[in-house]
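Peer 1: Protein chains in written order, with full-length UniProt numbering: chain A, 1 to 269; chain B, 1 to 275.
Worth flagging that the hints you see were computed from the coordinates, not collected in a lab.
Glycine is no exception: its CB is placed at the ideal position from the N, C-alpha and C atoms.
Hints are supplied without guarantee of correctness; some may be wrong.
[As the list claims (entries may be wrong)] Think about it this way: if two alpha-carbon atoms lie no more than 27 Å apart in a straight line, the pair counts; the simulated DSS-like pairs of lysine-lysine are:
1) LYS153/A / LYS71/B
2) LYS252/A / LYS149/B
3) LYS149/B / LYS136/B
4) LYS124/B / LYS90/B
[Stated by the list, open to error] Pair by pair, the computed Cβ-Cβ distance ranges are:
5) ARG192/B / LYS12/A: 42 to 52 Å
6) GLN150/A / THR204/B: 34 to 44 Å
7) TYR72/A / THR189/B: 51 to 61 Å
8) PRO87/A / LEU188/B: 42 to 52 Å
9) GLY94/A / LYS90/B: 23 to 33 Å
10) VAL107/A / LEU188/B: 45 to 55 Å
11) VAL26/A / LEU188/B: 50 to 60 Å
12) SER169/A / GLY183/B: 28 to 38 Å
13) VAL112/A / GLY146/B: 53 to 63 Å
14) ASN15/A / LYS124/B: 45 to 55 Å
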Amino acid sequence: MAEPKPQGAVSKMLNAAWVRPFLFLVFIVVAWDLSIRLFKIPAYQIPSPADVVAVLRTEWPELLRQSWPTTYATVCGFLLSALFGIPVAMLIAGSKTVESYVYPLLVFSQSVPKIAIAPLFVVWFGFGIIPKVISAFLLGFFPVVVSAVQGFKSVDPDMVDLARAMQGSRFQVFRTVNLPHALPAIFSGLKVSVTLAVVGAVVGEFVGSNSGIGYVMQRSIGTFDLPTMFAALVILALLGVILFWMVDRIEKLVIPWHVSQREDVIFAS
Amino acid sequence: MNEAVQPAAHLRLVSDRAGDASGINLSGVSKTYRTRDGDVPSLRPLDFHINDGEFFVVVGPSGCGKSTLLKLISGLLPPTTGEILVEGEKVTTPHGNVGIVFQNALLLPWRNILNNVMLPIDMKRLARDKYLARAKELLKLVGLEGFEKKLPWQLSGGMQQRASICRALVHDPKIMLMDEPFGALDALTRERMNVELMRIQRETKKTVLLITHSIPEAVFLADRVLVMTERPGAVAAIYDVPLPRPRSLDVMADPVFTELVQRIRKHFFSQGALD
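With the sequences and hints as input, model every part of the structure.
Peer 2: Here it is, written out as structure tokens:
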């Protein structure tokens, strides 16, 4: 987009998408540091930002090594929830019978706290990657289903009639009308799902694992090593942000036509 | 009806000729929806014939089953009783010999205008390259030349509706079914679109069945106007519109026009309000 008038370097920099959240982050860190000094909070309650940064620097290789299992479990769980969630949503949206049988139970299952049943997966599948993946999948699955069902159901029935009157087969109508129409809703579900999958993987690591960021957190809280625990939190937050950003980029590629993706409005009179 | 006064020629009810094979023929067609709360009658048995190349307009109060009528003729819904013949063929499933225009343009937001117009071709799995030229020609006919690559949201409501008319015509169906096609447009655009639709119909010689709430619109456009009763819908009357073609908006001042409008309006006042 061409700018009508030249701008100063500062205001140009402020316009970059990442600068503002970064400035806000700096503000939070400064406030954190100040309040520790001001209220004399002891280090065993809240570590100072400097301590956390120090741990991040010295323990970097170890933290990086431990973040791979978590990332792996998160991504697997997320992909599974997309892989199962979207077809389940199609079935629920496509058939009143399936909906009446499955949907209430699905909602019911969501009120079961996943943390409470996570140890069960350890009993069943041991201390490996599988309990983490299942835990990530269970947390990520529901938002995908709910959003996708809503997306599939919000298609204008007249539009479907129109396509059917053009003698499109059921599958064709689905592929050309229903599915693309549901994509924006599916993507908003996927974005929620990917951040929840991180939580799921960490929960899996809490209850039974000897690797991963969740395990690092568990261990450091046991020894009151708060700077390491906070460093692990920072890594987790970064992981969530990166995965979210990736889904966001894919969304921009897949549905460039959607209202939320329009960057500049060109009006044809 | 006032029997004492002999109605003028244009105010006489038109009795239907027994239909020939062309056009649309409805005999004893009724529709009852089966719902959980029991049967809801939507259309009482209808008998009428729409001639080939005719501009046929249906007016009626809302909820009188006009849209049901459209779905029956396109084959989207099976009638409860009776049968519908389109070009002599009995309608049981979507037959594809119709183009439909709804109140909303219903363009797919991820397809550009040209590809939206080409949708019936894709759905019917016809050869794209054969129809591409026709699609462009139609867009030119409705004044959308140069907008082929635009996305729907970049066009105004009237332009979107014109694109949806192209989409209804691209596979060269015999019949165009229009369900309050200009209901969502402002009054000025609506009048312009009416004139344009009449021109398109003259140039393409399609049989048009148009459903509307607006009595002046109906009389302005139609060769014949069918007046429907309240739900469950039935034929209240069918009027000939003997106004010469091509018509301009000036025709609305013609005494024949105003008299017809008044006459049709009376149907609704005797029944209750037209909303």
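Peer 1: Taking the hints in turn, state whether each one holds.
Peer 2: Now the hints, each set against the structure:
| no. | hint | in the structure |
| --- | --- | --- |
| 1 | LYS153/A / LYS71/B | 21 Å, holds |
| 2 | LYS252/A / LYS149/B | 20 Å, holds |
| 3 | LYS149/B / LYS136/B | 11 Å, holds |
| 4 | LYS124/B / LYS90/B | 20 Å, holds |
| 5 | ARG192/B / LYS12/A: 42 to 52 Å | 46 Å, holds |
| 6 | GLN150/A / THR204/B: 34 to 44 Å | 40 Å, holds |
| 7 | TYR72/A / THR189/B: 51 to 61 Å | 57 Å, holds |
| 8 | PRO87/A / LEU188/B: 42 to 52 Å | 48 Å, holds |
| 9 | GLY94/A / LYS90/B: 23 to 33 Å | 30 Å, holds |
| 10 | VAL107/A / LEU188/B: 45 to 55 Å | 50 Å, holds |
| 11 | VAL26/A / LEU188/B: 50 to 60 Å | 55 Å, holds |
| 12 | SER169/A / GLY183/B: 28 to 38 Å | 31 Å, holds |
| 13 | VAL112/A / GLY146/B: 53 to 63 Å | 58 Å, holds |
| 14 | ASN15/A / LYS124/B: 45 to 55 Å | 48 Å, holds |
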